[in-house]
Structures are given as structure tokens and as C-alpha cells.
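Top line first, the protein sequences correspond to chains A and B. The numbering of the first sequence is the working numbering, which starts it at 1 and goes up by one. The numbering of the second sequence is the working numbering, which starts it at 280 and goes up by one.
Honestly, the hints are just simulated from the structure, not real lab data. Possibly wrong hints are sitting among the right ones.
Stated by the list, open to error - Distance ranges between label pairs, derived from CB positions: (1) A:Phe121 to B:Asn281: 46 to 56 Å; (2) B:Gly568 to A:Phe268: 24 to 34 Å; (3) A:Lys212 to B:Gly360: 52 to 62 Å; (4) A:Phe268 to B:Thr527: 16 to 26 Å; (5) A:Thr201 to B:Gly407: 58 to 68 Å; (6) B:Leu304 to A:Lys212: 52 to 62 Å; (7) A:Asp118 to B:Ser302: 46 to 56 Å; (8) B:Ser406 to A:Val252: 52 to 62 Å; (9) B:Leu304 to A:Phe121: 34 to 44 Å; (10) B:Arg284 to A:Thr201: 46 to 56 Å; (11) B:Ser302 to A:Thr220: 50 to 60 Å; (12) B:Asp460 to A:Ser66: 46 to 56 Å; (13) A:Pro113 to B:Phe524: 38 to 48 Å.
Claimed, not checked - Pairs of lysine-lysine residues, derived as DSS-like cross-links and limited to a Cα-Cα distance of at most 30 Å, are as follows: (14) A:Lys21 to A:Lys155; (15) B:Lys414 to A:Lys263; (16) A:Lys91 to A:Lys263; (17) A:Lys216 to A:Lys263; (18) A:Lys216 to A:Lys35; (19) A:Lys155 to A:Lys229; (20) A:Lys21 to B:Lys475; (21) B:Lys414 to A:Lys91; (22) A:Lys35 to A:Lys147; (23) A:Lys21 to A:Lys229; (24) B:Lys414 to A:Lys21; (25) A:Lys35 to B:Lys475.
Don't be surprised by glycine CBs; every beta carbon is placed ideally from N, CA and C.
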Amino acid sequence: MTRRDGASVLWLVQTHLMPTKLPWGEGSRAHWATKPNGSALVFVHGFSGSAVDTWLQFPEFLRQRSETSGSDLLFYGYDSLRTQVRPNAVKLVAFLGELLAQPARTMNSTVDPPLYRDAAFQYDRVTIVAHSLGAVVARRALLDAHKSAALWAPKVTLILFAPAHMGAHLIPFLGAVLGVFRFAPIEAIAKWQFPTLAELTPGSPTLAGLEKDTAKALATGRASYLRAKAVAIAENDNVVVLNDFCDDPVPVVMPRSHVALCKPTETFTMPLDFVLGCL
Amino acid sequence: MNILRQNLYQLEGQFFCATGARSALDHLEQARRGHLDLDTLLRNHVDDGKGITDELEVTQRDEFDDLLHYFAVLEIACLLGVVPRNLPQEIVSRARAVLKNRAVRRYYRTHYKLLLPELFRRRVSGSGLRITRPKAAVTSASLAAFLDIAALVEQNEDVETFLWMLDDGWYGDVGLADLVDHLRDARKLGRSLVTKRPTPLDRAVRGFGRYITFCCTLDALLQRVERWPELQSAFWHYHAYWFEFLRTKTGSALDQMVAALSTSSGEEGSGALAHVAQVRGVIFRLTDGHYGAALRAAARV
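Generate coordinates for the entire structure from the input sequences, incorporating the hints supplied.
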């Protein structure tokens, strides 16, 4: 069915299996397409987020859109509070490597035999959708892929929501992302130095290294996947530094906060349209 | 295999094969042979003055809880029409044997009043409830969201530690009062969130945060499906035991914990206070019981 706005919505069909645990990262979830078309979206949350509550209704909406009816929807989770960017990136690239090099085996490890996918199945394209700190982790993971000349890397596209590449302002950042704990005195909590917070200080070795390595990789002409296809920023974002990163495109501005801009609702479809428009 | 059978297969795998539910069937067989006293095992823990502390008993009771959760999720799936209307005879026979067992029935009807297993018992006895529901893609997407949200708190050590303390459980000499005290102290709070060697108290702090996240995401889903009140109610009933417990046994404990966090918010408090009010609203809606009414009315319970 086509809506008046031209969107194609599937009312009568279930296009994905029920969600399963994905045995990579922490709390990761997979919505496997029942009729896969060789594409996947991998969502990577930010600081203090999770595979479920960072993206809220994204899976519900994507399951009902014809544009993603054949796409595997993977929501990757990781320890963003207590583990630094580097080890998280290593784990993410390991997962991506497994997903793209052995896609049938990856899927089949999460379901029982009657639901197995054919061993010959391959992905043509994978879109990584990352939020905030997730953008830093995802980009570092792709740099690792570039470094190891991973054959699958050119299949990847990057879409970013409020990326923290250029750093974050500590107190507003914590206040925005700590969930229920943001009610507590933030300065006192900040003193406990979450490992990733030092890394998100503007100009930190982690971020400076990320920018330098990305620029160097892009200069080879063989790592175009390291340039984001699209970037969205929050209109009143006082959390992350909004300077441009490397060759990333001019961002789209969304009228929501740092945390809310990646959460589509029935009345705020911009994040969904933004992602679908990039596919 | 058509999609309805695929859904059933997946739910069977996730909620029966991959949990303690299968072991609960073994306990039933043991009871049938006279090797296990099911009436004692499935007694009401509140009536038991000493509480239930034996590790084996706790494990066995958890396995029965897994079995009842399995039937509960099957009932939701049947209500939504995402599994075959005629369930396989193996599942029907299994459900009849379990849900009609006297001790089990007393457990879910009298001691702990779980509606969904009761509805599934009626269903496998030929009196399945029918509800108004949205179109197929919406029902499957809603159920998918429900399952994702449930996964936030299922088999999570932090949440289990938190709920244990909430249920007046102790870890040595550390209990609920210590948790509330911890939440009032931002330095202790920060340490709990950061440490890589969490104590039970640290886990309870983290579990509290995760449980609140779960409450907010579940409440948001329930509000999204408000056009279908029986569906909304069925999703709520899956978690009803803890929401009823929070309302009747712990009173405002959860609310007090949220308030404890905000007692010294300082300059950044004005925005934080709005969020406190929002979270308190969520807790109130989930625990005041009104979400449960529509399915009870439809089931005439």
C-alpha cells in the first residue's frame, strides 16, 4: 500500500522473523528478513545506550516498510560505560567480519535448523547506522577493516546520528545520556571517570588519532566507505562538538535533542526518512 | 514453513528449549511418580515464614516460572494471531498436562494470580479468547518490540540482583535500605557504574537503572498500542507479577529510589526534575493496575 506521502507501507505481511539474541557484543538483537535481499542495517548505539532503547521504534517502523522488507536489521550492543573505544571497535569489526564473510553461518547460529538460511547467501551491502559515541567506535572498526584490507569493507556504508567524532562537552553529555542516573549530581558522577569520557574530550589522542587515520585512509582512494554517506545533527545539541569531520557531508539538522534525534515516532519520522533515503 | 509456524517455532525455541521450562516438565514427571512434593515446592513464598532460601528449590521454582512464561508468551502470540490457530497436538497436550495440574494451577491462579497462563489453559481446553487486533504487519512488529523490551530484563544478572533486593532479599548484610542509601550518594553511584568488579550492591544499582529503562520503554509501547486495549493489557500482564508486587508489597519503594537520585540535583535540577516527574508517571501507570483491566474484562475474570 502507498500512503499519500508516497511511503510504501506493508500492512498485511510479516517481513521479518521474531527478534533473536545475537551472540556478539552485549544485548545485541537481530530481526532477520524472511525473504532476504542481500542487504543489512547494523545499528550501533552510543554512550550509556543499548541495542534496544537507543533506537526505540526503529525496528517496528523498518519491519513495516517495503524499502527494508528484505533487509536484515541488526542492533549491536556493547559496553559503552566501562570499556574504551579501541577494544569495542575490535569486537565490532570482528562481528562485521563474521557477518559479511559468513552471513549464513552468522544467521544460522541464532536460529534452529528449520529456519536456516542457504549457505550460499551473501550480502551486497551493509549500512552501519551509528549514534554519538557509536560513530567513533564504528569508524575505528572500519579503519581496522581498511588496515587489514578486509574484502568486505567496500560493501559498507556509514550513516551517522549526532556523531561524537570531534568530542563531547562532559557535563551536558553525561546529563543527556545517563538515563535515570542523570537525575543525580552529574559533576560528582563525572569524577568517577568513565573510561570513554576521557576519550571524548575534544582533541583527545583517541579522537585526534581517529581523524588523522581516517584522512590518511581516505587519501589512498581505496577507503571511500570511511566517508559517511549522511550525517544528522541535533538542532540544539550542546552535548557534542559540531565541527565537521574529515570529508563527511554537510549534516542534516533535526529539531530534537542529542538523544532524541535517533528515535523516530509516529509524529517525528525524520530519522526513519533519513535512513531510508540513504539506502 | 509458513510464517505462522516459523513464529511458533521461534517462540518454542526461545521460551521453552532455551530456558528452564523443559526441566520443569521433568519435575512434573517426578511428582507424578511420587518422587517430588509439588504442593510444597510451589507453595506461596509469602505464607512460608522462613521464605524460600534453598538453592535447589529456588532453581526449580524458577524453572516453573520459565514454563509459565512460555505459556504466557504463547497466549499473547495466539491473541495476536501470529501463530497457527490450531496449535500442534504436542504443545496442546503439554499445556493441558501442566496447567491442569493441581499444584501448578494453585500456583498461577491462587498464589500469584497470573492471567495469561489461565487464558492459555482455557485455550487448550477449547475456549480461546479472541480480541480486536491491528493488521498483520503491525501485530508482528508490536510483538517484536515487546520481545525486544522483555529481553532488557530477562536473564540479566543486574536486574535479578535488583529485584531480589526489592523482594527483601539480602546479600550478606546488604539489602534494600543500602541500595536506597547508595542512590542518594553520587560518589557511591558513580563508583557502582564504573567498577569492573561489581559487588551485589553495584549490580543492584545498575539493575535499578536498567529496570527503569525497561519500564519507560514498555510504557511507551503500551501507549502506542492503546487503540487495542486488550492487546495493551496482554503485554502488561506478561510482566504483571512484578508491577503488582511493586504496588502492593513495596509501596512506593521504586518511586523513593527515583526521588533519592534527585535529592541534590543542584543547578541542573530543573531539567532533571521534569524527567523525574516523567519517570514517576511511568511507574505510576505501570503499577496502578489500570493496564490490566481490559484483558480481565474480556476474559471475565
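- Message: Let me make sure I understand: some of the numbered hints might not hold for this structure. Which ones are they, in numerical order?
- Response: Checked against the structure, the hints that fail are numbers 1, 4, 7, 17, 18, 21, 22, 25, while the rest are satisfied.
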